[in-house]
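Visitor: Residue strings, one per chain:
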Amino acid sequence: MTGNTNLHEEPSYLIDTGKRKGIMAWLTTTDHKRIGLLYLWSIMVFFIVGGILGETMRTELFKPGQQFYGPQTYNAIFTLHGLIMIFLIVIPGLSVVFGNFVMPIMIGANDVAFPRLNLFAWYLYILGAAVVVISQFTGNGPPDTGWTFYAPYSTQTHTNVIAAVSGAFILGFSSILTGINFIVTIHRLRTPGMGFFKMPLLPWAIYATAWIQVLATPVIGITLLMIIAERMFHIGFFDPALGGDPVLYQHLFWIYSHPAVYIMILPAMGVITEIIPTFCQKQIYGYKAIAISSLAIAGVGYFVWGHHMFTSGMSKEAIWTFSLLTFLVAVPSAIKVFNWVATMYKGSIDLKPPLLYAIAFIFLFSIGGLTGLIQGALATDIQVHDTSFVVAHFHYIIFGGVGFAFLGAIHYWYPKMFGRMYNIRVANVAWGFLFIGFNLLYFPQFIIGIEGMPRRYFDYLPQFTWAQQISTIGGYILGIGFIILIVNLFRKNGAKATSNPWGGKTFEWQLPSPPPMENFATPPAVPDNPYDYD
Amino acid sequence: MTTEVKHITEYPVYAKVLIGLLVLTTFTILVPWLDLTAFTALIALVLASTKAGIVMTYFMHLKVEYILLKILVIMVLAIYVSVIILTFSDYIFR
Amino acid sequence: MDHIEMQRDDVGAKLGMWVFIFTEILLFGGLFLVYAVMRHRYTADFHQASLQLNTFIGALNTVVLLISSMTVAMSITAVQKKDKRMATILLCITLLCAVIFLVDKYFEWGHKISMTLYPGTDLMQSLKHGYILFFSLYFFMTGLHMLHLVIGAVILVIALTKVRMGLINDEHYVLLENGGLYWHLVDLIWIFLFPLLYLVT
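Chains as they are written, first to last, in the working numbering: chain A, 1102 to 1635; chain B, 22 to 115; chain C, 3 to 203.
Read the hints as simulated data drawn from the structure, not as lab findings.
Cross-link-like lysine to aspartate or glutamate pairs, in silico, EDC-like; alpha carbons within 20 Å at most: (1) B:Lys27 / C:Glu173; (2) B:Lys91 / C:Glu26; (3) B:Lys84 / C:Asp12; (4) C:Lys84 / B:Glu31; (5) C:Lys164 / C:Asp85; (6) B:Lys27 / C:Asp11.
Beta-carbon label-pair distances, calculated as ranges: (7) C:Ala38 / A:Leu1128: 42 to 48 Å; (8) B:Gly74 / A:Pro1253: 38 to 44 Å; (9) A:Trp1142 / C:Thr90: 46 to 52 Å; (10) C:Val101 / A:Lys1389: 51 to 57 Å.
Chain C is faced by these chain B residues, among others (derived, beta-carbon under 10 Å): (11) Val38; (12) Ile50; (13) Ala65; (14) Ala69; (15) Lys72; (16) Met81; (17) Leu90; (18) Phe109; (19) Asp111; (20) Tyr112.
A virtual CB, placed ideally from N, CA and C, is assigned to each residue, including glycine.
Generate coordinates for the entire structure from the input sequences, incorporating the hints supplied.
Guide: Below, the structure is given as structure tokens:
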């Protein structure tokens, strides 16, 4: 291995060297690695809450009719499930955890451009989360609008929408600050000699993501402010009784929330692009195509929001335009999938847990992506709109895609983060439970969706019972998988990790595990090709 | 890596820019009196965009900034204009 | 802070400010989009309603903001030339302009509010749809703009204090530059708000 000058004997970033010790040292840290872990812990806590909420919904849906809670509670629970999973987990998700932990190391930097702003963004994130939690217990009961806050219902329901919307606004602000930080970091702090096209591909993905965060989030910010003003002052922008237009809300909402899907998925694609070459010990296929397709997805993804609104009463001309653009955005996504598969071709494949997750990602993401085209096509969308087909599609992309990539990333960088290995056989078993449980849970929803099972319904016709029961059982298997996974990662008896347990080529594998507080004593030598395995 | 170069813009330059902006403001106020009906809004927007361009070029120093920043500004404005056009692909034909 | 001090990077700091300005442009962009759609639907009403606004006050505020933009830009030149006194005077003029703007707005809003012409009142509910939306937009847009103006003024007060203390000098003035950039953004938004709200015909 070359360039190991950085295996110096500094204390690791996990050991407190400053004035403050213990929890205070963590809460006042400006180190990007520690902030990455702060995000990881917070996201894990929220994920457990959101997951339990999901399991209760599955249990409620096991049989037709009411099992143990009523329709209003069901509405509140799917709203909270959506709020937590979307705004607290997958939108920040990979970008804040791994963007913070490994991205600066990958570009040879010692930290992000604005370390204190980075910590401030985490506090904003926690504040936003707290406000969302408060919205559940104050006012006239928890919001029941769904995570989309569609007007005019969200401007009229008696539940506590204002607090939930304010929470989402604060979370958006946090996301913007992180985006600014990463853009400036990648522009200014690349180590001398590292041009944009010598960067590894995760920083590329983070960079594209950061631009969407910066350019799309303000639109939802202003829209949420309008919802608050609408409820407090009756400004009438979205209220037909005052001349407003509810469809305008949908436009504004999706101008952000569609690009937000790419905020979620782009870093996931970046992670997969890191994992595959390492475990196939092979040069990534089509480096430039992958790098540029990240930007292309970010760019085109900004202009496809209308495909959420085909049945809203939008003009035919707009519908055609958005349908066409939607099909266009499938092209760069497919380019990535082909490149990953081509990288694996004739590689020396080592089926370790990170690669298992990466392969599951490709499989599930492809199903999610292809079913997306069914909804992008106008005629078929009319049939499946607002059915559980959409629920299945969405979860295949966001859970099967982003979620599995997140788990893959944890298993990939875990030795680097904590300096220990985990039990690989147990990790494989957990993967098996997750993969089988996931497909049992969501695939039947495609079928009953086409047959007409609406989404967000508390009750259903008896003919859908078989599928709902398979889904619920799948949900429990998934839950067991998560318990195994978490227990495995928390057991502290793993062997000490070497600096490069997987044989990776990017800079983080040249540092000790865990890395020292100051990443690089001397700037690392930049290879011409970040994935030089030949 | 781009490093900071100190650019000093002299006071008279700013004064001239301000005079230019004030002249354009006068035009802006006078346009509605000309009663050009359909074109009034268009002219008002063109004048406002010109003023905004001048403020960005001189007051915000885009003139002497590095090329990348100029490209980014143009990209952001292009994205915003595209968003407006796409939204109006709904409202114009509805 | 238990972390090593980063190398100072003024270009990076300014890039960060620019990217933040992009987000502000899109924040107001969403609002301008609402304006465009509503004006498209209620063109005649918007014209009638805008006659209620006082063009003189609007124009006065435009001039005030343009002057303040110039003085804040000049204050950077003054700092670069180590002319602390001039920088102080120019920043004080800028802040004075901000106060004049707010006083104007106080009278303008006060007049509307005394007529109960603001969102939620019975008078508003009785008006035509286009009127309601116009005045809602008027209060929302100018209100949000005013908030940004106050934030900008606070940043400039901080910059002014640092200029007095010598912390902003001909070597370190990126904070003043960034405060100036933000102030110009406030001006930029008003450049569009003024014709769209006061001069609609």
